[in-house]
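Protein sequence lines correspond, in order, to chains A and B.
Residue 196 in the numbering used here sits at position 196 of the first sequence, and the numbers go up by one each step.
Convert by adding 260 to the 1-based position in the second sequence; the result is the number in the numbering used here.
The hints are simulated quantities; they were obtained by calculation from the structure and are not laboratory data.
There may be inaccurate statements among the hints.
Restraint-style ranges between C-beta atoms, simulated for each label pair [to be verified]:
| id | chain 1 | residue 1 | chain 2 | residue 2 | range |
| --- | --- | --- | --- | --- | --- |
| 1 | B | 339 | A | 110 | 34 to 44 Å |
| 2 | B | 282 | A | 257 | 50 to 60 Å |
| 3 | A | 83 | B | 281 | 24 to 34 Å |
| 4 | A | 75 | B | 446 | 42 to 52 Å |
| 5 | A | 133 | B | 330 | 26 to 36 Å |
| 6 | A | 85 | B | 279 | 43 to 53 Å |
| 7 | A | 83 | B | 293 | 29 to 39 Å |
| 8 | A | 111 | B | 365 | 49 to 59 Å |
| 9 | A | 99 | B | 337 | 46 to 56 Å |
| 10 | A | 93 | B | 444 | 48 to 58 Å |
| 11 | B | 461 | A | 75 | 36 to 46 Å |
| 12 | A | 133 | B | 282 | 40 to 50 Å |
Partial list, computed: chain B residues near chain A (C-beta under 10 Å) [said to hold, decoys possible]:
| id | residue |
| --- | --- |
| 13 | 287 |
| 14 | 329 |
| 15 | 373 |
To be clear about the criterion: a stretch of chain B counts as covered by chain A if any three or more of its residues have a C-beta under 8 Å from a C-beta of chain A, and this derived list gives those stretches [unchecked claim]:
| id | segment |
| --- | --- |
| 16 | 292 to 302 |
| 17 | 330 to 340 |
Every residue gets a Cβ at the ideal spot worked out from N, C-alpha and C, and that includes glycine.
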Amino acid sequence: MLDYDFMRHAFAAAGIVAILSGLVGYFLVLRGQAFAGHALSHVGFAGATGAVLIGASPLAGMLAVTTLGGIAMGILGEKLIQRDIAIGVILTLSLGLGLLFLHFFTAYATQATALLFGDVLGVSQATLYQLLALAIVSLACLAVISRPLLFASINPELAEAKGVSLRTQSLIFLGLVGLTTAACAQIVGVLLVFALMVGPAAAAQRLTRRILLGLLLAAVLALLEAWAGIALSFYTDWPASFWIATLSGGIYLLSLFVEG
Amino acid sequence: MLGPNGAGKTTLFRTILGLQPISAGSIDVFGAPPRRGNPAIGYMPQTRIGQSGQNLSGFDILANAANGHRFGLPFTAKPVRDDVNAALAAVDAEALAARPISALSGGQRQRLLLAAALLGGPKLLLLDEPLISLDPAAQAGIIALIRRLQETLGLTVLFAAHDINPLLSTMDRVLYLGGGKAAIGTVDEVITSATLSTLYGAPIEVIRAGGRIFVVSDQSDHHHACEHV
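So here's chain B without its partners, still in its complex pose (with noise of 0.2 Å):
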C-alpha cells in the first residue's frame, strides 16, 4: 500500500481494525464487518514502542501482547509462552528476546515487532510502514522475512510503504492512496504516469530508471509525490 503521507494509509488500518467508524462505503473482513480485537488480524502499528518500554525484555513484551487483553496479574501461562516462542521462532528472534528493546538494532526491533503482530495465528496482517528508518540492507532483511512468513503461514499481508522500489521484486499487487482516491492492481497498471495523473487529477510523470521507478510531479503542491514512491 503506497501513498504520500496523509493518504490514509493508517486510518485504512484502523478502519479494518474496527478502530475507526466508515464514513462511506463498506469494508468486510473475513466476510464479516470490522469489529475491535479481531483475532485473525495482527497488527504492526507505526509508534513504536515507547520509551516507558525500552527497559522490558523482548520476551516480557510480546507475552504481555499476547494475553494483555485479559483482565489479571500479568503472569504468562504455558500456551502464551508457547505462542511467544513460536512467533519469535518464525522471525529468527529467539536470541533477541532476553534483550531489552533498547539494546536491538533498528531491523532486531522491528522483528520483534513483526513477532507481536504474528500472536495468536493471524490470517491478515497489517504492517504499517515496518521500513521506516531502516537502512537498505535491514529493509532487504524485513522484507524477504515478510515474504517468507507470508508463504509458510498462508497470510494475506496488507504492506504499507513510502518507497516502492524495495518492494518492486515481493509485491504481489500495489494499491496506491492518494488525492482521496485509490488505485489497485499489478505495479505495471497502477504506478503509470495515466494512472496516477487520474488519481490525483494533475499531471504526475512515472520514470523508470535503472530498474528503479520515480513519480515526479511539477505541482509544488503536490510536491510530495515528488518522492521515489
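For reference, chain A alone in the conformation it holds in the complex (with noise of 0.2 Å):
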C-alpha cells in the first residue's frame, strides 16, 4: 500500500491534519464552538471556489476566508458564536455563494466533490509541505496560548479576574480554528470537517477527566481514525472521506457506552 507515492502523501498529509484537528478540536468542543467551526468550514467553501474563479488556488483562498471568517467571529463575540441561527445563516450563504462561484466554471465539477467531501489521494507534495507548514505554526500558536486558553473556557469570568483577556484568547483560537478547518477540509473535504475536528475531541473528553490526557487522546484518536479510514479505503475502494467519518461517529458513539 506504501508502495505508490499518492499513497505516501495521503498518510503523511492525513496524519499532520488529523493531530492538528484533534488538538484544535478538543478546544472547539470544550468551548462549546463546534458549530461555529462547522459554519467556518462552509465559509472556506466560498474563499476556495471564489479563489479558483479568479485563478487563484483553493487551498490560499479557503485559507484567507476561513482564518479572517474566524477572526470576524472572535471580534463579533461569544454571543453570535453561539447563536445557532445567525450561524446556520451565514452557512448557508457561504455554501449558497460557493455554488454559485462553481456555476461560473463548470468545468470543475470534481473539483467540487474534492472541495466538499475531500480528496485525501490527490494531495500533492506541495500541499503536503503547504499543511505542514501550516501544521507547524498552528500548533505553536495553540502551544503558546494553551493554558489561558482553558482559563478562558472553563471559567471564564474567574480568568478575566485573573488577567486573562477573553476577547484576544477568542480572536486567536478562533483564527487558528480557520487555518485548522481550511486544512481539515484538503483531507476529509468541507463538509466532513466534523469528522476529524468534533467527533474524536468529544470521545476524548468522555473518555478522560484529565485534561492533558484528553488532548493526547484527542490526537491520537483523530490520528487512527484518519489512517485507518485511508487503509480502509485503499482495500475496499471505497471513498476514504466516507471511512473516516464513519470511524468517527462510531467511535464517538462508543465512547457514550464507555462510562456513565
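Once you've looked at the hints, go ahead and assemble the two chains, each given alone in its own frame, into the complex.
Below, the structure written as C-alpha cells:
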C-alpha cells in the first residue's frame, strides 16, 4: 500500500491534519463552538471556489477566508458564536455563494466534489508541505496560548478577574480554527470537517477527566481514524472520507457507552 | 453584602477586581487602586463552571485556575500542585478532586469553587452568591466553612447573598445595596425599617419573628424587596 507515492502523501497529509484537528478540536468542543467551526468550513468553500474563479489556488482562498472569518467571529463576540441561527445563516449563505462561483466554472465538477468531501488521495507534494507548515505554525501558536485558553474556556469569569483577556483568547483561537478547518477540508472535505475536528475530541472528553490526557487522546484518536480510514479506502475502494467519518462517528458512539 | 437583584452586588465585585471602571468616587484595594489580576483577591464568580468543563476533574480545573493566566502548555509544576492540594485541604475537598464536576452535589461543587478562590493565597475573598441553589443544610455547611477559613487564614470576606437569615449568626457587618445607594453597619443598625426606608425612599417594614428577619414593602414596584432579605 505504501509503494505508491499518492498513498504515502495521503498518510502523511492525513497524519499532519489529524493531529492538528484533534488538538484544536479539543478546545473547540470544550468551548462549545463546534457549530462555529463547522460554519467556518462552509465559509471556506466559498473562499476556495472564489479563488478558483479568479485563478488562485483553492487552498489559499480557503485559508484566507476561514482565517478572516474566524477572526471576524472573534471580534463579533462570544454571544454571536453561540447563536445557532446566525451561524446557520452564514453557513447557508456561504454554501450558496460557493455554488454560484462553481456555476461560472462548470468544468470544475470534480473539484467541487473534492472540496465538499475531500480528496486525500490527490494530495500533491506541494500541498503536503503547505499543510506541514500550516500545522507547525498553528500548533506553535496553540501551545503558547493553551493554558490561558483553557482558563478562559472553563472558567471565563475567574480567568477575566485574573487578567486573562477573553476577547484576545477568542480571537486568536478562532483564527486557529479557521486555519485548521482549511487544512482539515483538504483531507475530509468541507462537509466532513466534524469527522476530525469534533468526533475525536468529543470522544476524548467522554473518556478522560484529565485535560492533558484528553488532548493527547483527541490527537491519537484523530490520527488513528484518519489512517485507518485511508487504509480501509485502499482495500475497499470506497472513499476515504466515508471511512473516516464512519470511524469518527462510531468511536464517539462507543465512547458514550464506555462510562456513565 | 445584601440587596435585591440588580442592586449592583456583582458590579461592586467587578469594580474591586478592576474589571469595570469606576463612574464616581474611588476604591482602595489594600491601599492601591483596583487592578486586574490582583493576586491579593480571591474571586468566586456567580456563573459557575459551564457545561463544557463538567467532564473535567476538579483537580485539573483548579490546577488550570492556579496558573491559567500564564502562557504556555497546560503542564502543572510542583508548586502549582502544592497550591492546589493546600486549597483542596482547606475546604476538605481532597476526596472530590478526582471526580468530574458533573458528579458532585451542589455543596461539593461550591467547595471546589471556593478552593479555586483560595489559590495563590489571597487576603480578600469576593464570594458572589455562594449559597444560590443550595438547600439549608448545604448553606449552613458552606457558611461554617467560610467562617473557619476567614478565621484561620485571616481573610477579609465580602459575601454576596440574597437572604440574610442563614448568615445572621455569622456575619460581622452588613452592606446593604438598594435604590442606587448603600448602607453599612451591624445588622441591628442597617436592617431596620428606618434605614431601609431611607435607602429606597419608600416605606419598608422590617419584621423580626422567630429569630428570623423579613423585609416587607407594600409598594408593588419594590416587590423585589419583599423577599426575606
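We went through each hint and held it up to the structure:
1. Between residue 339 (chain B) and residue 110 (chain A) the beta carbons are some 58 Å apart, a value that contradicts the proposed interval 34 to 44 Å.
2. Between residue 282 (chain B) and residue 257 (chain A) the Cβ separation comes to about 54 Å, which falls inside the hinted range of 50 to 60 Å.
3. Distance hint for residue 83 (chain A) and residue 281 (chain B): a CB-CB separation of about 28 Å, consistent with the stated range 24 to 34 Å.
4. Checking the proposed 42 to 52 Å range against residue 75 (chain A) and residue 446 (chain B) shows it holds: the Cβ atoms sit about 49 Å from each other.
5. Take residue 133 (chain A) and residue 330 (chain B): their Cβ atoms lie about 28 Å apart, and the range 26 to 36 Å holds.
6. Checked against the hint of 43 to 53 Å, the C-beta distance between residue 85 (chain A) and residue 279 (chain B) comes to roughly 30 Å, which is inconsistent with it.
7. One distance hint, 29 to 39 Å for the beta-carbon pair residue 83 (chain A) and residue 293 (chain B), holds here, with the actual separation near 37 Å.
8. A hinted range of 49 to 59 Å holds for the C-beta pair residue 111 (chain A) and residue 365 (chain B), which are about 56 Å apart.
9. Checking the proposed 46 to 56 Å range against residue 99 (chain A) and residue 337 (chain B) shows it holds: the Cβ atoms sit about 52 Å from each other.
10. Distance hint for residue 93 (chain A) and residue 444 (chain B): a CB-CB separation of about 55 Å, consistent with the stated range 48 to 58 Å.
11. Roughly 43 Å separates the CB atoms of residue 461 (chain B) and residue 75 (chain A), a value that falls within the hinted 36 to 46 Å.
12. Taking 40 to 50 Å as the suggested C-beta distance range, the pair residue 133 (chain A) and residue 282 (chain B) conforms, at roughly 48 Å.
13. The interface hint given for residue 287 (chain B) is violated, since its Cβ lies 15 Å from the closest Cβ of chain A, which is over the 10 Å cut-off.
14. Hint on residue 329 (chain B) holds. Least Cβ distance to chain A is approximately 4 Å, under the 10 Å limit.
15. For residue 373 (chain B), the shortest C-beta to C-beta distance to chain A is roughly 9 Å, which falls under 10 Å, so the interface hint holds.
16. With a cut-off of 8 Å between beta carbons, the segment 292 to 302 of chain B has 3 residues touching chain A; three or more are needed, and the interface restraint holds.
17. Requiring three or more residues with a Cβ within less than 8 Å of a Cβ of chain A, the coverage given for the segment 330 to 340 of chain B holds, as 6 such residues are present.
The structure fails hints 1, 6, 13 (numbered hints given earlier, in ascending order).
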